[in-house]
Amino acid sequence: MTVEELRRISAEKAALINVRRIVREQAEKLAPQTGYRKQVLVCGGTGCTSSHSHQVIEQLEKSFKELGIDDVLIVKTGCFGLCALGPIMIVYPEGAFYSQMTPEHAKTVAEKHLVKGGQIVKELLYAETVQPDGGVIPFSEIPFYKHQMRIALRNCGVIAAESIEEAIGAGDYSALARALFEMTPDGVIDEILKSGLRGRGGAGFPTGRKWLFTKQAAGDKKYVCCNADEGDPGAFMDRSVLEGDPHCVLEAMTIAGYAIGAQEGYIYVRAEYPIAVERLNIAIKQAREYGLLGNNILGSGFNFDIHIRLGAGAFVCGEETALIASIEGHRGEPRPKPPFPANSGIFQKPTVINNVETWANVAPIINNGYAWFSSIGTERSKGTKVFAVGGKINNVGLVEVPMGTPLKTIVYDIGGGIPHGKKFKAAQTGGPSGGCIPAKHIDIGMDFDNLTAIGSMMGSGGLIVMDEDTCMVDIAKFYLEFTADESCGKCTPCRIGTKRLLEILDKICSGKGEPEDLDKIKEVAEHMKSSSLCALGQSAPNPILSAMEHFGDEYEAHIYDKKCPAGVCKSLLNYHIEPDKCRGCTLCARNCPANAISGAVKSAHEIDTTKCIKCGQCIAHCRFGAIVKK
Amino acid sequence: MAQNVFEGTEKQMSELMACIDENRGEPGALMPVLHAAQDIYGYLPAEVQTVIAEELNVPLAEVYGVATFYSQFSLNPKGKHKISICLGTACYVKGSDKILEAVEHELRIKCGECTPDKKFSIESCRCVGACGLAPVMIIDGEVYGKLSPDDVKGILDKYVKD
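Listed in order, the protein sequences are those of chains A and B. Counting along the first sequence from 1, when you hit position 265 you're at 270 in the working numbering, and nothing is skipped either side. Counting along the second sequence from 1, when you hit position 157 you're at 170 in the working numbering, and nothing is skipped either side.
Chain A extracted, bound-state conformation (with noise of 0.2 Å):
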């Protein structure tokens, strides 16, 4: 295809997609030029299709039949981002929001709203986005999406993710055009060093060196590879672009291709993401067909291919090296730098190697200059970052605000604040690399400078905020355990000093803590901080050391008082009965497998600490909240 037949594409689909882009009074006058009525979005990114959104689907196409709708279009889409409320379906022009929708939901708003002359069923709309006084807000309104700014999750959620033509219509393969003929490879390079855009995998290395470098290494084949190994467990906006939007992850490497000079391509995907590996097949497929990958791009006579590698669930292989291991077949261990794969990457060649969502970043910038970009942000840490917020938050979802966002916003305005009226204790960052942020610097701007101060960092965007209910000790041991597992082994430092961390933390969680642990603790932390080979074993100890800074008395009430303040740690715990509340019902003692309660019918009832295996089936079934544990 021609960069003109690229366009009339784009201009073609231009008002079907703008609609869902405007407010609702334009779109309701933009609607006629599309030839639909209205288009319904559903969401068919993993959580929502987890929770079936397929049948609601199938249930519409049904529904349309019956009713005779043939002017309404359908568009399965990726993940809007409020997984929480899955699944989700958007109707335009209106942008009526409906959550939580079932194939009978589906089938009502079919009859009632989607039939000519229908009404928004107020009832099924997510609570939101109804006022007071009856009113309905488009969902681009409610606080969730409203503090939002999207630059990488652009088209998720807006466009059909397997679609290349809306694809192209939201604007997907208009920046490869412009590269191709409109800037020199090194322009390009200059374009992206420019706009500070920094790497979203977790480091955050300037993305335009890592061009140059390669750029500059000398070899005679290079190649551009997409690190799609989100391993992080609690993020999952990698995959959410993947699944929304594939196209612009293809159309990224691409452009990096022609700056740096290589023609071939691999992105390196998790394996437990089915969706985003089957969307990504699809995509390549049909770039392949329509000129957009393979020879002579454009007309251009530039020639790129990307092949998909899956992984096979080792977290050390979102290493680059580690990683470049993998798609060379081997074991994925990663091995000492340099070399950087700058330099010697996949089969030794010059290899220039970012995360999805910073390849998502790469098209808005060409598009709209490095200066753009660079206006968005902090200081040194430029655009939006795209946050997987979950844990003990009500609104829990992909979130992508400008650089520098305090915490709060992204907690409680955009969050929802923290379920059952809960108090916020901590929110954990950069995953099992990372460490948490405690209440007290809950007003910090979120970007990679301010958040490697306090001890934690940004990582790839993980985001898991902890209540009053999270005991900071155990969630240390989780990590921990987490980093033991995953350890590679190829390195002493991590392969050992992860086992040992991990017992010690065992040990203070099953209450023979002893004072001298918490030295050993730092001790060993500071040997595998100083001496492992790759980033995994390195920052192991983060999680732990930044419990003991902010969280230090509850390590200590582990270790001194034998006591777990969260109620979490099961050695730690004793169960009571209140006698006050007891009603003497015997339903505890009857569900008790230990036989540990002891009691007359009608009076309160007792439980004997030594028998007691901790359980929790007398808590399960007391109706009267008269067992505690302390």
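Simulated crosslink set (BS3-like; lysine-lysine; CA at most 27 Å straight-line):
| hint | chain 1 | residue 1 | chain 2 | residue 2 |
| --- | --- | --- | --- | --- |
| 1 | A | 81 | B | 159 |
| 2 | A | 619 | B | 159 |
| 3 | A | 427 | B | 159 |
| 4 | A | 634 | B | 111 |
| 5 | B | 123 | A | 619 |
| 6 | A | 616 | B | 123 |
| 7 | A | 575 | B | 159 |
| 8 | B | 111 | A | 619 |
| 9 | A | 504 | B | 123 |
| 10 | B | 159 | A | 428 |
| 11 | A | 635 | A | 568 |
| 12 | A | 112 | B | 159 |
| 13 | B | 111 | A | 575 |
| 14 | B | 111 | A | 512 |
| 15 | B | 111 | A | 504 |
| 16 | A | 568 | B | 111 |
| 17 | A | 575 | B | 166 |
| 18 | B | 159 | A | 127 |
| 19 | B | 111 | A | 567 |
| 20 | A | 81 | A | 70 |
| 21 | A | 34 | A | 18 |
| 22 | B | 171 | B | 93 |
| 23 | A | 619 | B | 166 |
| 24 | A | 413 | B | 159 |
| 25 | A | 568 | A | 427 |
| 26 | B | 131 | B | 91 |
Below, a sample of chain B positions facing chain A; criterion: calculated Cβ distance under 8 Å:
| hint | residue |
| --- | --- |
| 27 | 42 |
| 28 | 48 |
| 29 | 103 |
| 30 | 106 |
| 31 | 146 |
FYI, nobody ran anything at the bench for these hints, they're computed from the structure. Model, not experiment: these values are computed from the prediction. Quick reminder that beta carbons are idealized off the backbone N, C-alpha and C, glycines included.
Knowing the structure of chain A, use the given hints to seat chain B on it.
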């Protein structure tokens, strides 16, 4: 450990050979071939690893090394129904360890094991990206979300019957 008797069919072998032929000579062919073999057989029996080593001209030790390095590859057969419980952070904070305990209790096996009748196997995984539904359990690719330990028995009963 009890030896598993290899029960591969000719059809499986021809599928494997087709995949090997497709990847032969490609750099880094071992991983895609092992993925395919795991799909075809459900696990990676020693016999299959030997065939792959010979056909790809890679030392058997290296095939074994790769097969044991990655958690997605298994040297033991899995149950007819594969249960996977997410122990990623978002699920853990929401109590997925209690879900795992309930499944272990219900099936009387531990995580990583297979029931004697080969009907169920349990494994843990780290984040399937459905954090909005935490805690989640996956049975044969079907995701069950927002679980409480009390839900487990009812869900498993559906699979016990077939």
